[in-house]
Amino acid sequence: MLKSLPIQLRKTLLAFGVAIVLSSGLVIVGRSQGNAEQRTQGTAVQLLNEGSAYQTADDTNDRPAIAYRLVIQKYPKSLQAEQAQYFLGTYYEKKFFLLEGQSKLEDWSSFNEAEKALYGYVGKYKSTGTKSYLADSYYTLAIIALRRGYLDAAEKLLTQMSDSARQDNKVYLSKVAPRRSDEVIKKYCDTKSLAAATLNALNNSSSFDGAINNLTGWIRTNCR
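When we follow the working numbering, the leftmost residue of the sequence shown carries the number 927, and every step to the right adds one.
Don't read these hints as lab results, they were simulated from the structure. Watch out, some of these pointers could steer you wrong.
[Claimed, not checked] Simulated crosslink set (BS3-like; lysine-lysine; CA at most 30 Å straight-line):
1. LYS1052 to LYS1082
2. LYS1101 to LYS1113
3. LYS1113 to LYS1082
4. LYS1112 to LYS1052
5. LYS1118 to LYS1030
6. LYS1082 to LYS1000
7. LYS1030 to LYS1082
8. LYS1003 to LYS1052
9. LYS1052 to LYS1118
[To be verified] Computed spacing ranges between beta-carbons, pair by pair:
10. SER1119 to THR969: 30 to 40 Å
11. GLN1028 to SER1053: 16 to 26 Å
12. GLY1143 to GLY968: 34 to 44 Å
13. THR1085 to LYS1112: 38 to 48 Å
14. LYS1112 to ASP1135: 18 to 28 Å
15. ASN1148 to GLN972: 29 to 39 Å
16. GLY968 to ASN1130: 19 to 29 Å
17. PRO1002 to GLY1143: 34 to 44 Å
18. ASN1126 to ARG1092: 33 to 43 Å
19. LYS1000 to ARG1146: 37 to 47 Å
20. ARG1092 to LYS1042: 34 to 44 Å
Each residue gets a CB set at the ideal place from its N, CA and C atoms; glycine is no exception.
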């Protein structure tokens, strides 16, 4: 809209014999606004990349969370804010599993923060934004519910995940559950198929680890 507006104004002003200087001034304003938007986007991207770098390095000192929250607070209408909302949830999910694996600490407060961020994503971006992480959010919430032992909640979330396939038909998995480096997956899964496979793993396993192991095998075979 900003790019076409000066042209439309120029045609209108010329038709009425108004000086083109006014139109030129509007072009300058438009360029200035565009530059400001580019600077905002650049800063948001830098913060998002900073958080992602810390998260990739298995940080558990909340440095990723600080960066993601800055994006959300300072640039709430940006594309990066939507990404940061989801990444904030995955950071806290990963933090729980890292602490559990490293020190046998069950840091349920990390799961609480993860759920807060992910339900925040679903609540806000289910009807707006790109919806790129809608199914991913439901999947992560289902894994958290499964680890908590809330099987009914996990089943409900997987049903919601399957229903969301109309808006987000692929889920990206770097790991099934972020516990150990040897579980790297890095595959895209069909949303409905992954929801069904996760539900099947849940119903045919007697433990969380058993469900994750069964699901890992399915993902390696069926996702690309």
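A quick look at each hint next to the structure:
no., hint, result
1, LYS1052 to LYS1082, "holds, 17 Å"
2, LYS1101 to LYS1113, "holds, 9 Å"
3, LYS1113 to LYS1082, "holds, 24 Å"
4, LYS1112 to LYS1052, "holds, 25 Å"
5, LYS1118 to LYS1030, "violated, 33 Å"
6, LYS1082 to LYS1000, "violated, 34 Å"
7, LYS1030 to LYS1082, "holds, 29 Å"
8, LYS1003 to LYS1052, "holds, 15 Å"
9, LYS1052 to LYS1118, "holds, 17 Å"
10, SER1119 to THR969: 30 to 40 Å, "holds, 38 Å"
11, GLN1028 to SER1053: 16 to 26 Å, "violated, 39 Å"
12, GLY1143 to GLY968: 34 to 44 Å, "holds, 42 Å"
13, THR1085 to LYS1112: 38 to 48 Å, "violated, 26 Å"
14, LYS1112 to ASP1135: 18 to 28 Å, "holds, 21 Å"
15, ASN1148 to GLN972: 29 to 39 Å, "holds, 37 Å"
16, GLY968 to ASN1130: 19 to 29 Å, "violated, 48 Å"
17, PRO1002 to GLY1143: 34 to 44 Å, "holds, 41 Å"
18, ASN1126 to ARG1092: 33 to 43 Å, "violated, 22 Å"
19, LYS1000 to ARG1146: 37 to 47 Å, "holds, 40 Å"
20, ARG1092 to LYS1042: 34 to 44 Å, "violated, 26 Å"
In terms of the numbered hints stated before, the structure departs from hints 5, 6, 11, 13, 16, 18 and 20, listed from lowest to highest.
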